[in-house]
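Colleague: Listed below, chain by chain, are the residues.
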Amino acid sequence: MTSRASWLNVSLIKENFKRFWPIMCGGLLFWLVCGPIALVLTKSSEGYSYSFMRSILRHINPAPILLNGILPVALALACFGYLHRTNSAGVMHSMPFTRRSLFLSNYVSGLVMAVLPVAVISLILLVMRGNVDIGWYVDEPVYFTGMNIFRFFLEEFTVIAFVYSIAVFAASISGLSVIHALTAVALNFICPVVYLLLMGYMDTYEYGFTAGSLIEDIAVRMNPWIAVLAEDGFSAKEIAVYLLVSLVIAIAAFLLYKARHLERAGESYVFRPAKYIIGFLMVFTASSLTGFVFQSSLGPFSYLLGFVVGYIVAQMIVNKTTKIFTKECLASGLVYLLLIAAIVCVFRFDLIGYQKRVPDVDRVGSVYITSDTFDMGLDGRGDMITEPENIERVTAFHKKIVADPANYQDSWNGYYTSSSLSWDSRDYEDPKTKPVSFNVSYALKNGRTLEREYWIPAAMLRGDAGMRDLWNSAENSGLYTRLLQEGAEGLSVWFEGNNMPKWLLEPEMENYDYGWRGFDDTMPTGATRLADKKALMNALIEDIKAYDYDRLFEDYSELPYISIHMDFSSRVKPGEQQEWESYFGGMGYTYYDYDDEGNPTFKHLILDVNANRNYVNVLKALLQMNFTDDLHRAVEAVQK
Amino acid sequence: MINVRGLCKKFDDFEALNNLNVNVEKGSIYGLIGVNGSGKTTLIRHLTGILKADSGTVQMDGQDVYDNIDIKQRLGYIPDELFFFGSYSLKSMSAFYQGLYPHWSANRYEAMLDDFALPERGKLSKFSKGMQKQAQFILTMSCMPDFLILDEPIDGLDPIVRKKVWKYVVDDVAERGMTVLVSSHNLKEMEGICDSIGILSGGEMKIERDLDELKSDIHKVQAAFHSAEDAEKAFKGLNVVHREKSGSIEHLIIRGAREDVERAVYAADPIIFDMLPLSLEEVFIFEMGGENDDIQSILA
Chain A
0 MTSRASWLNV SLIKENFKRF WPIMCGGLLF WLVCGPIALV LTKSSEGYSY SFMRSILRHI
60 NPAPILLNGI LPVALALACF GYLHRTNSAG VMHSMPFTRR SLFLSNYVSG LVMAVLPVAV
120 ISLILLVMRG NVDIGWYVDE PVYFTGMNIF RFFLEEFTVI AFVYSIAVFA ASISGLSVIH
180 ALTAVALNFI CPVVYLLLMG YMDTYEYGFT AGSLIEDIAV RMNPWIAVLA EDGFSAKEIA
240 VYLLVSLVIA IAAFLLYKAR HLERAGESYV FRPAKYIIGF LMVFTASSLT GFVFQSSLGP
300 FSYLLGFVVG YIVAQMIVNK TTKIFTKECL ASGLVYLLLI AAIVCVFRFD LIGYQKRVPD
360 VDRVGSVYIT SDTFDMGLDG RGDMITEPEN IERVTAFHKK IVADPANYQD SWNGYYTSSS
420 LSWDSRDYED PKTKPVSFNV SYALKNGRTL EREYWIPAAM LRGDAGMRDL WNSAENSGLY
480 TRLLQEGAEG LSVWFEGNNM PKWLLEPEME NYDYGWRGFD DTMPTGATRL ADKKALMNAL
540 IEDIKAYDYD RLFEDYSELP YISIHMDFSS RVKPGEQQEW ESYFGGMGYT YYDYDDEGNP
600 TFKHLILDVN ANRNYVNVLK ALLQMNFTDD LHRAVEAVQK
Chain B
0 MINVRGLCKK FDDFEALNNL NVNVEKGSIY GLIGVNGSGK TTLIRHLTGI LKADSGTVQM
60 DGQDVYDNID IKQRLGYIPD ELFFFGSYSL KSMSAFYQGL YPHWSANRYE AMLDDFALPE
120 RGKLSKFSKG MQKQAQFILT MSCMPDFLIL DEPIDGLDPI VRKKVWKYVV DDVAERGMTV
180 LVSSHNLKEM EGICDSIGIL SGGEMKIERD LDELKSDIHK VQAAFHSAED AEKAFKGLNV
240 VHREKSGSIE HLIIRGARED VERAVYAADP IIFDMLPLSL EEVFIFEMGG ENDDIQSILA
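Protein sequences appear in the order of chains A and B. Going by numbering that gives the first Met the number 0, the first residue of the first sequence is number 0, and it counts up by one from there. Going by numbering that gives the first Met the number 0, the first residue of the second sequence is number 0, and it counts up by one from there.
Because the hints were derived from the structure by calculation, they are not lab data. Fair warning: there could be bad hints in the mix.
Per label pair, the in silico range of CB-to-CB distance [to be verified]: (1) B:Asn17 to A:Phe188: 31 to 37 Å; (2) B:Asn35 to A:Val345: 37 to 43 Å; (3) B:Asp11 to A:Lys257: 17 to 23 Å; (4) B:Asn106 to A:Leu31: 45 to 51 Å; (5) B:Asp11 to A:Ala402: 52 to 58 Å; (6) B:Asp69 to A:Phe16: 22 to 28 Å; (7) B:Asp69 to A:Lys257: 15 to 21 Å; (8) A:Gly298 to B:Asn17: 51 to 57 Å; (9) A:Phe16 to B:Asn185: 21 to 27 Å; (10) A:Val312 to B:Gly129: 18 to 24 Å; (11) A:Ala251 to B:Asp69: 57 to 63 Å.
In silico PhoX-like cross-links for lysine-lysine, where the CA-CA straight-line distance does not exceed 20 Å [claimed, not checked]: (12) B:Lys187 to A:Lys17; (13) A:Lys17 to B:Lys162; (14) B:Lys9 to A:Lys257; (15) A:Lys544 to A:Lys619; (16) B:Lys51 to A:Lys257; (17) A:Lys13 to B:Lys51; (18) A:Lys355 to A:Lys319; (19) A:Lys533 to A:Lys544; (20) B:Lys51 to B:Lys90; (21) B:Lys244 to B:Lys219; (22) B:Lys163 to B:Lys187; (23) A:Lys355 to A:Lys326; (24) B:Lys162 to B:Lys187; (25) A:Lys572 to A:Lys602.
C-beta atoms are modelled at their ideal positions from N, C-alpha and C, and glycine is treated no differently.
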């Protein structure tokens, strides 16, 4: 029976502060040196260093990031260290505390000590902000504001609360201080690592899997300590989610603390399931890594190699002994092996049905096709395909790809995956086996996205009537030209020559037969040469319209070409949304100019076109314009 | 009073305590003895609220001990392995205890500090084992506990300090009605202060009795008779638990009332008859089924 329902014990909290204040003050000193003191030292006549200020408030400075990992773990080790020795665990629990008050008092005191340094630093920065000006760059928003300092504190608090809760969770399950510290750090990475390993299996075995930057982003965002490195900070929603997860972790830590077997202090982990789960994760990680790295040379034995190493290390750590070939250890090892084999089988034999998944046409809102094989993307003339007829052409071709990928296996000398197939692994001179990339991204009507990335024989794509019809469809040919019809007045153009013959190269490239050549010729923004710019745009539109489907499959890599760099700039209208999308598989992109207050002023749409001999109209137009002899001679070289 | 009923505790597959019952009367000193691994410390860790019972109850004054702040504020505990906060002195530990125990007596603390002559500001971690034990004793007794649980309290203490420690304990029992449970292997000293004894073996309570009653119930007898028939006649009907002969002298351990034994032996007209009560240590060795050599030492 609990007669007094006290949640916190003030005496214990005070005692914790008395005992562990040096750790907190060490953190504060570290922050002072990395923050305000360094800021004062970097001050110039123009004010405080903008970039330094930004590095602190945007968590780019590596020193505080390191501190965010060390300080909460050190304080959890200090406040919960008594759990890891039988005598201290016994004495503390025989004193007039409930387990709840003991846990909460230690949790709160550690958290407050971990947060106080950054709270003090935030206050100091707030005071400094009111008294100084700060320099800043023209294309970046101002950072040294009260709101940003508050946001900085909130983000730091989120990171600290998360890392500290994990460290306390580690305290609840571990029986040794060394294991506590290692577990506290390792648990921060457990979710990202497991996620990345599973994505690794997808990448290795699932035909069509695309490992884009989104995966890294998801992995990073699983832990705020790592996520601050993304520089763009946290949204309010992210902060709420991280704090909620921290709370859930803390509650789990408390429940485990209550159920903890104090007599097991001195063992690596005080809960048997924790021992097995952590042991498995270690073995799984080691096995997966060697599997990914050595699979091509060792086959299934590559997993076994990591399994053996992981088994030895994991059993030694979780059982705190070198006697790792006991009946119990071997039994758990066998279970680990079976689990890993099951996981590999799930992906190897596509038991999740990933490979064959192609959406029904009526579920697709739009589809986007790209290829990094062609000088002009498959999407070539535009971005989103929305016509049902065209969507059906894409899904039909997609179904053809996934129908039986094993058909390509023999001729391609390898299994179809995005990572294991590379240009070097096959004869791409042979038109029958020459691979091309084919990436498809469906925007489904339910708001989700389905993306796949394939290497397929070029002949397969070239011979597909549906894809040929798609290329020639009105929707496809209309999209590219729409973009080029942006206002010519805001356009500026400059040129480069590539694969140029020796006699046109820069003097410093005298040892090369072919190479790069720059030109002085430009077409500036505004009314100057407006007619020429319009003529160039029209010529480009004509050439793109005339771009034949078969021409996609020809190799132009050694032909000379003129790179035409176009910058369409336009004033940003009030309230206009900023768009950062890229166009034409990366050939085009946008960026913005900002005013003194960080508001966007001009939007720039950059588009680069490599005009080779197929751009007949563009080359002809350039020859008719008033440019230097160098550019004219380069154009003539391209025409030949 | 301290009351344990049907206490069971398992550590994985090892059964540390099995259906254990303990009764300690209010204002008495209870000696808990047993061989190593018999479950003494496990029982003590239940009595101090450190461990939670798998089944059964552990109560003091009718209240469960586990997670009960009211009881724990009235409970003093000196473990075998001490623990103090790193770099703390007796003074700083006393300040911590003062915040936790509402019955803390500053007068008692000052008086004991003088009596034991310990440096109040010295780091406890620099103290010898015996000094640390004294420091813990001062802290615990200054809490003015109603229940005192001692695990090897005099281990490492010199005889003078041991005497002081027992004096404080006995005085508090007499004056304040403190209830004490003490576990120690020093059975000679236990015999001098305990009111009752519990002998623990294999996680079960083998014997739990008043000490005087326990000792008066078992005797060491040496006797010689005119004939073997006389000897058989003398011991017939008595509860002889051990018997051996050395020459013409019979050495026996007999359980039963002293008067009954005397009456039976005298009736056989012994040539020699000597009867002594067993010491606690001897009772313990005998009850724990000591080896023949141990029994020999009792009978010698």
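Colleague: Which hints, by number, does the structure contradict?
Modeller: Structure breaks hints 1, 2, 9, 10, 11, 12, 13, 17, 18, 20, 23.
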